[in-house]
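Protein chains in written order, with our numbering: chain P, 1 to 520; chain Y, 1 to 669; chain Z, 1 to 100; chain R, 1 to 169.
If you are wondering where the hints come from, they were derived from the structure by calculation, not from laboratory data.
Mixed in with the good hints, there may be bad ones.
Restricting the straight-line Cα-Cα distance to at most 25 Å, the calculated cross-link-like pairs of lysine to any residue (SDA-like) are [said to hold, decoys possible]:
#: 1; chain 1: Y; residue 1: K165; chain 2: P; residue 2: W212
#: 2; chain 1: Y; residue 1: K164; chain 2: P; residue 2: A375
#: 3; chain 1: R; residue 1: K86; chain 2: Y; residue 2: S654
#: 4; chain 1: R; residue 1: K166; chain 2: Z; residue 2: E88
#: 5; chain 1: P; residue 1: K448; chain 2: Y; residue 2: Y161
It should be emphasised that the depicted structure is a prediction, and the values quoted were computed from it without experimental measurement.
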Amino acid sequence: MNSMPILSLITFLPLAGVLLLFFLPKESKGLLRSIALIVSLVVFVVSLPIVTGFQTNAEFQFNEFAPWIAAGPFQMNYSVGIDGISLWLVILTTFIMPIAILSTWTAVEERVKEYMICLLLLETGMLGAFISLDLFLFYVFWEIMLIPMYFIIGIWGGKNKIYAALKFFIYTFLGSVLMLVALLVLYFKAGAGDFNLMKFYELSLDPATQTWMFLAFALAFAIKVPMFPLHTWLPDAHTEAPTAGSVILAAIMLKMGTYGFVRFAMPLFPNATEQFTPLIATLSVIGIIYAALVAMVQEDVKKLVAYSSVAHLGFVMLGVFALNQQGVAGGMLQMINHGISTGALFLIVGFIYERRHTRLIADFGGLSKQMPVFATIFMIVTLSSIGLPGTNGFVGEFLVLIGAYESSLRWYALIATSGVILSAVYMLWMFQRVMFGELNNPKNQELKDLNAREVVIMIPLLVMIFWMGIYPTPFIEKMTPAIDKVIAYSKGKKLAAALQQAIPSAPGPAVMQPAILESK
Amino acid sequence: MLEYVGLIPLFPFIGFVINGLLGKKIKNEKVVGGLGALMVFCSFLVSSGILLQLIGRPAEERIFEKVIFTWIQSGQFKADAGFLVDPLSALMIMVVTGVGFLIHVYSIGYMHGEEGFYRYFAYLNLFTCSMLLLVLGNNMLLMFVGWEGVGLCSYLLIGYYFHKKSAGDAGKKAFVMNRVGDFGFLLGIFTLFWYMGQTHNVWTVNFREIAANAHLLPVGGVVTLIALFFFIGATGKSAQIPLYTWLPDAMEGPTPVSALIHAATMVTAGVYMIGRLNFIYIRSHEAMLVVAIVGAATAIFAATIGTAQNDIKRVLAYSTVSQLGFMFLAMGVGAFTAGVFHLMTHAFFKACLFLGSGSVIHSMHHALHHAHSHDDPQDMRNMGGLRKAMPITYLTFLVSTIAIAGIPGFSGFFSKDEILWQAFSNPFHGGLNIILWGTGAVAACFTAFYMFRLVFMTFFGECRITAKAKDHLHESPLVITFPLMVLGLLAVVGGYIGLPKLIGDMFGGIPNYFEQWLEPIFAGSHEFTLQQLAHAEVHHSHALEWGLMGASVVIAIVGISVAYTLYIASPQIPKKFTDAFPALHRAVYNKWYIDEIYDFLFVNPCKALGNFCWKGFDVLVVDGAVNGVASIVRGFSSVIKNLQTGYVHNYALSIVLGVVTIIAVYVIR
Amino acid sequence: MLTHHSYLILSAILFSLGALGVLIRRNAIIIFMCIEMMLNSVNLAFVSLSKYLGNIDGQIFVFFIMTVAAAEAAVGLALMIAFYNNRESVEVEDLNVMKW
Amino acid sequence: MDIQTLFFAVVAAVAILSGILVITCRNPINSALSLVMTFFCLATFYVMLDAPFMAAIQVIVYAGAIMVLIIFVIMLLNVRVESGKKYTHGVLIGSIMAVLLLFEAFYFLNRSSLTGARGMIDANVVQNVGHVELIGRAMYTDFLLPFEITSILLLVAIIGAVILAKKKI
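The whole structure should be built from the sequences, with the hints applied where relevant.
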């Protein structure tokens, strides 16, 4: 059916772009930017067929397989494929990247070549992580992703960039190292001879092992999400990163965490998932409320948006751990929504930062008068972020909450719902202080409205905001079967069913059972 | 015609899109305003067609559902984008498009020359669209879309003069308070959906399906919870205690907005919702009692504040809160028809009052502007004697005031009297009925008082602005007065479609058309009541009903005469009164300090908590731990780093040391 | 009787002398020469063992070591010139930027 | 004590003495000359060990090429005779290390004996076949690849030296 290795193509096209950039002179900034933009656009166009060609079922599609590294007892394979869950994240990545590249078109003037190389490298890393079906491959991409981001924050960041970059790196790295350990334990427990995810899914581990391994995986992912109380790297990283960095970080990289939960932590360790659901739900709910409260009192627009990210991701986690169709679908949608609307918010912050070189709310006020187009776009994005019906934010948030409400997490959902009040408070208050009021700061009176490039950046995002708000069916439809599968694995149904089949009635250690069956 | 129900919200939406995107380029106010009004008028025509078609059908077939597409579907959860036309929503769309159209026309005149004229009309059209979605939505989720949509438009329109801080604040307050309500609304949806699905495997949010399965709901228990959740939503949107404080502040918006959104349509959404979900409320006496008490309390509470305000629009705003209280009182005593009836008549006369006040402000503003005076054109203390300068405004205003005060023959009387009677005679709340009725009656008395106080201060007596300004006072143009006249007329005659049975019988059995019309909606609830409370049915004599009707007339007249005494006959008394009870007056004038209390109880603690979480927990505890680990490592390494002298021979020495050690180990072993 | 033992002991003495020179001298060029001396002592050990084991391989090693020494001399002395150009000195105590 | 041993002892004494001079001379030129002396002593040993070719390249490469290079550099840099301290701070500990190293080596050598398979190459073979041919045969057959790599090493060293020594390329 698919003779063309389309997933590899989109994953490694940016790498080809990197190679191309290597040979370009670093003085021709325009050319460098254009090439990077064109590469990312081509990747986006090439990635579209995976939506149209995607069959709505639970299977992994567009699979590719090649043996990769064979070292002693280890066999790592290049095994990729997507299902309904990763499909939209891949598309989100390819969709956001051109926007991100375009966003710092003028803001980054130094080391343009290196900057563009970092961005494209990052794209490869992120795409690779989303499509990997081999745990080791996933880990490799997961780490690859980290490095360009570290440089993006550390080189092109703000005042406190080194601190932020280090904090980001060490936080994330700490988690991923533990994940690597768990990965190896899993490998040896499975004894399967390779890191194939499918094989690991079928594994039945004893609960104690599951607990530890879930914790290791969960820590890595929870840091990335980030979940309360592991979130403090996020505001710093976001505030210091250049606009494109913040956009990518918020829109895509944070999704690695939640994606990791859905793809790995939950289906691999069903018992532990059940055991830790209350804990995760509690942390999510605390995250929602806490981040909202903290966001409310921020003085820096970008930090506020960063904290709002924490709150939004709290919703995602709550939905995902509700472990029912609505909850997980809502969580997945919310991941995409958050990518779009928070990405857009960071772009907006970038726009005014580029003009005024400040992000303090107090320095603004009354911008609506001076920048009507900007005001309109800002308003729409703000509303999307607070989940106004008709925008994308609502659909995801609603599904998450109703899903959680139906499940055993009812009380958590009840508290989380109050997040909708708080989100309105902090976002609108910020909007009011920035956009409304009197235009009394002389510096603000000379502000120019958005230029064509900036409007062009925002339009696709606005289209997505309304599209997903008004007609989300295509998105939900494609992910439904995959979600069913994830839920089945995470609830351990398959395991239970298999055990029941193997052991008709007699209790006793499951391990001994096959021998008895064979003897018959 | 029914097939085209989708057009009703679509027309204003088109208007919104055109005005929003191109309005700035069009520049011509007539085109922009005309387009806005025309679009609403088109909706009005379609609505009328639908209404006529419904009337043409037998009562039980007056329901029609049209699904446009599936909006959200996930697992058992399914919400369509679809419209439900039944007598209740047909009535509502008539009110929304009818009153909406008039106010659009009015706005063309009122907003003339404003900066961002196109923006105003775009918002207004968007509002109309959302409101129509709210009333037409065939499921709770779509209703919620409209519900939030109107909230958004309200936010945008209150903040229309965004350069004023107070306007921005008011808009935000409105939105946030509404969000508190939405929180309840959402929980209501969740609980209902979950309960019906979990216990009866009916997974739906569709109104018709829920209504059809209403018999599965128990009495009390979880239903009380659901009903109360929804009621929280209603208190937010319809400005009831405790979430009413945003409405008076919302007067920062342009006056036609106050008329449309904060009087006639949006704020009644809560009433509409309870009407729509009547089968839930009827199954929970506790919830109904709460609704009734909150309604009654709001009615009297807001009325007291209304008596001491000097800003013409604020008086009307508190009046609106109070009247909404009446509607909820009606809902809470099971008089759904009466509540919806009052909703409709209130839409007429309150819209007329707001537009009238707008006309006055417009004129005052104009006059003061010419006289280069900086007096507040909205302050009634600056007005007086306007009836000569503005006869049409005066007349329509007076008619509506009489209507709201509850003088027989005008629309307000029929609806308000019905509510009071039901409050007295309903079979639900037993001994509390008399209190509910009493509260309502006192509130009605206050209503008559402050409304006539308003009329007397504005239109009677001596004009209190400078003579120079006075010369510039004149009647508003036709584009403003025409809607006033239409609404004034409706305020008079609107009540006659819902004559109480008592009066109808007297005139040869004229039926209560209004009740008949809404019968299919509330029939289930009535039947249920009869089943449940057959034993408790209390029969009241006609004499009692006549007596109470008379009493409410007397109450209204008392209110009016007090107002007359205080503000026309002997204007010195109010001064004396406030001097005698300064504390009381201050408290009432400052709205019982509710805003301050809320600030103290919720806003400031929230901010303090936020600050604590940020600077206390985030920075100190979490980052403290993170950075603490980092500094421990750094401290350790700053000790070890001294080993790294940077001198080559020291490195050479350590190499040799290593060699010696290794050989030693090898040799000694 | 002269055996490989004598050669090895001589080799050890020379090696230690070289090491001592590396450790105690300040002049980088002298240190460099001491290193050459250490290399040579190893060469001596190789050749003597080659002889007493009757195997030519040891001498091949010496050959390679000499090549490396030549390369090292080229690069090392170039480094020294570069260092001298920067610091006007060839003393190792001035070679102290290799920290933190 | 036969003549061979005596000769060995004398040459060894010279080698050690000149080695000591290398590390003690204040003037680098003197050190360098002492080192040349040591190298000659070693070349002598190579002859005694039936490895005349090694002796030849020892003289040519070490004493000839490398030492000339070193002296050349010393001249080029015109390094002053160390005026202040000759030794580093670590004379004591350095000496201790060196002595330890020496003792360990002695101890080790005293305890050890020559093991392993004996090859077939003795003085006769060297005499008959010729040392250069033996080396060449081994070098261009068994050790061909390392030999080729050596050429790359030398190339790299040349380039490295050029780049390092020149101020501007």
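How the hints compare with the structure:
| no. | hint | verdict |
| --- | --- | --- |
| 1 | Y/K165 x P/W212 | violated, 55 Å |
| 2 | Y/K164 x P/A375 | holds, 16 Å |
| 3 | R/K86 x Y/S654 | holds, 21 Å |
| 4 | R/K166 x Z/E88 | holds, 16 Å |
| 5 | P/K448 x Y/Y161 | holds, 21 Å |
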